[in-house]
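Number of protein chains: 2
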Amino acid sequence: MEPFEIQILGCGSAKPSTRHNTSSQLVSLRSKLFMIDCGEGTQLQMARYHASYARLNHIFISHLHGDHCFGLIGLISTLGMLGCGHAHSLHIHALPELEMLLRPQIDFFCHEMPYEVVFHPFRADEAAVIYDDRSVTVQTVPLNHRIACCGFVFREKLGQRHIRRDMIDAYEIPISQMGLIKNGADFVTPDGDVIPNERLTTPPTLPRSYAYLCDTAPMTSVVPYIEGVDVLYHDATFASTESGRAQSTFHSTAAQAAEIAAAAGVGKLILGHFSSRYDDECPLLEEALAVFPHTVLAHEGMKIEVEGSS
Amino acid sequence: MEPFEIQILGCGSAKPSTRHNTSSQLVSLRSKLFMIDCGEGTQLQMARYHASYARLNHIFISHLHGDHCFGLIGLISTLGMLGCGHAHSLHIHALPELEMLLRPQIDFFCHEMPYEVVFHPFRADEAAVIYDDRSVTVQTVPLNHRIACCGFVFREKLGQRHIRRDMIDAYEIPISQMGLIKNGADFVTPDGDVIPNERLTTPPTLPRSYAYLCDTAPMTSVVPYIEGVDVLYHDATFASTESGRAQSTFHSTAAQAAEIAAAAGVGKLILGHFSSRYDDECPLLEEALAVFPHTVLAHEGMKIEVEGSS
Chain A
1 MEPFEIQILG CGSAKPSTRH NTSSQLVSLR SKLFMIDCGE GTQLQMARYH ASYARLNHIF
61 ISHLHGDHCF GLIGLISTLG MLGCGHAHSL HIHALPELEM LLRPQIDFFC HEMPYEVVFH
121 PFRADEAAVI YDDRSVTVQT VPLNHRIACC GFVFREKLGQ RHIRRDMIDA YEIPISQMGL
181 IKNGADFVTP DGDVIPNERL TTPPTLPRSY AYLCDTAPMT SVVPYIEGVD VLYHDATFAS
241 TESGRAQSTF HSTAAQAAEI AAAAGVGKLI LGHFSSRYDD ECPLLEEALA VFPHTVLAHE
301 GMKIEVEGSS
Chain B
1 MEPFEIQILG CGSAKPSTRH NTSSQLVSLR SKLFMIDCGE GTQLQMARYH ASYARLNHIF
61 ISHLHGDHCF GLIGLISTLG MLGCGHAHSL HIHALPELEM LLRPQIDFFC HEMPYEVVFH
121 PFRADEAAVI YDDRSVTVQT VPLNHRIACC GFVFREKLGQ RHIRRDMIDA YEIPISQMGL
181 IKNGADFVTP DGDVIPNERL TTPPTLPRSY AYLCDTAPMT SVVPYIEGVD VLYHDATFAS
241 TESGRAQSTF HSTAAQAAEI AAAAGVGKLI LGHFSSRYDD ECPLLEEALA VFPHTVLAHE
301 GMKIEVEGSS
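If you read the protein sequences in the order shown, they are chains A and B.
Under the working numbering, the first residue of the first sequence is numbered 1, with each subsequent residue one higher.
Under the working numbering, the first residue of the second sequence is numbered 1, with each subsequent residue one higher.
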């Protein structure tokens, strides 16, 4: 199975802390590398975990608070300085104000860029597919934060059927036919016999999916958009003891994150965006586990394989 | 003696590295805290070394390359978020373009700031005193980099004379007279005897000084501005084996930094702004020591007491 992996680069909240970096993560899917959010210091986190600058072509920014985007200019500048095979371009998907804020800095600091930075604005008030290639779609999910904010759902597309090796051998199927058969075609033998596709192949792997919902107060309206996703990363800034603070800042408690995960029947929940007040997030994990058992705490450098449900 | 201390927050160059942060340092003088340069991640370095956000009121930016200023917006945002007693204001001394680039971001990201950010532009083509208070002056020194760039010289002002404790006791000098005597006044005893100031006091501590010259190709024209400073931090991006690269990028080798230190007769040289190509800067130290013996390598967290020449 082709890789579909999340790597956490930062899972802290806004206040600087030596325990956590500000928000950023990488989504590696088949041969593509995507980034979600880019807090200050993200480029250094990529260096620390030996992530590939060259493979990164699309960055999705959830909202325009500094701890989710202040690392962009440094990353763009470094990608420009290193060259990094970005002869094509770097695409940034964000609310429209970001281009207005960043373009003057890109023009000033990165005037010898070997690649183009292309902004793709999206609306925060509607769910929409904002990225679509042969492998994956990315859909926005409106969230409920102090300012306009969207989550992102990565959905792998249905792949090709898998050809059975024993059938290749039995019918001496030529390589030239493989692509057609993976796409569902029957095979006609040199003698004119038609071998139905179902006999030659097994069904494609079920598409996998990943949802990133941060920053947000808990909202049940997201459930239809993330129903059954394999992995969910959800805002869990506070423990329930700070639920008043969570409410006033439009964040979630760990228990509330778990309730969303349970309501949507996701495969696994990752808690993140931790307040710097916690020296230890175990109480957050405990309260979430009481609601939803398949929960883990994010930490910098952590890799999570997105596994299909079957 | 009142403290005059430098703390290195970052002494690497532009390319991200897990060995060094990008340029920033703190200058602590008497009760004031100044910052020179503010590369990405500087606010986190302050947190790491428990530096006081509240005491920071003046930031000096040498030039507008990202590795010297990309950390400003995050730091300003955090100072705003934390409050930090900045009811007064935060002053940024930099080339004029910086305000144009940063002001829109400050207005957008930090709209609930409890303090004002005041930009003080300086010219890169002249040496001028750009900061002056009762304790210290800061003077710019034009440097020779790829873009407009200035170094900074911090010069402590001459302090008060020191009253001899034995004389206080011998003449029963009242507290009310101390300030006058420290400023040079004689003391008149109740019997009308005049005790000359020189008998009551010892001379003030010699003013101390610190120069930061980075980024720059070596240039002897700086020597008159830094003659005899107690501590010099100088661009030492490369070893002499990379002198061609140093020349083409308008940086210095460690040996060239040492030659400037020797020509200016400084007390101590700190080498910094290391290229990420070095896993170990000992060869840089060795080549500098061969030219100027009082040399050390900068490293993150390092504190250097600026000691007067007595």
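Bear in mind the hints are in silico, worked out from the structure with no lab data behind them.
Incorrect hints may appear among the rest.
Taking lysine to any residue and the SDA-like style, the derived pairs with C-alpha atoms no more than 25 Å apart in a straight line are [unchecked claim]:
#1 B/LYS15 / A/GLY228
#2 B/LYS15 / A/MET113
#3 A/LYS15 / B/LEU82
#4 A/LYS15 / B/ALA47
#5 B/LYS15 / A/ARG165
If we take Cβ atoms under 8 Å as the criterion, some of the chain A residues that face chain B in the derived model are [said to hold, decoys possible]:
#6 GLY41
#7 ALA51
#8 ARG55
Built from N, CA and C at the ideal position, the CB exists for glycine as well.
Hinted pair A/LYS15 and B/ALA47, Cα distance within 25 Å: holds, 10 Å
Between B/LYS15 and A/ARG165, is the straight-line Cα distance small enough, at 25 Å or below? violated, 48 Å
Measuring from the C-beta of A/GLY41 to each C-beta in chain B, is the shortest one below 8 Å? holds, 5 Å
Would you check the hint for B/LYS15 and A/GLY228, treating anything up to 25 Å between C-alpha atoms as holding? violated, 42 Å
Hey, does the A/ALA51 contact hint survive, CB to chain B under 8 Å? violated, 11 Å
For the hint on A/ARG55, does the least C-beta distance to chain B fall short of 8 Å? A/ARG55 check fails; min Cβ-Cβ to chain B is 16 Å, beyond 8 Å.
Would you check the hint for B/LYS15 and A/MET113, treating anything up to 25 Å between C-alpha atoms as holding? holds, 15 Å
Does the alpha-carbon distance linking A/LYS15 and B/LEU82 stay inside the 25 Å limit? Distance ~8 Å between A/LYS15 and B/LEU82 Cα, so the pair holds.
The structure shown violates the earlier hints numbered 1, 5, 7, 8.
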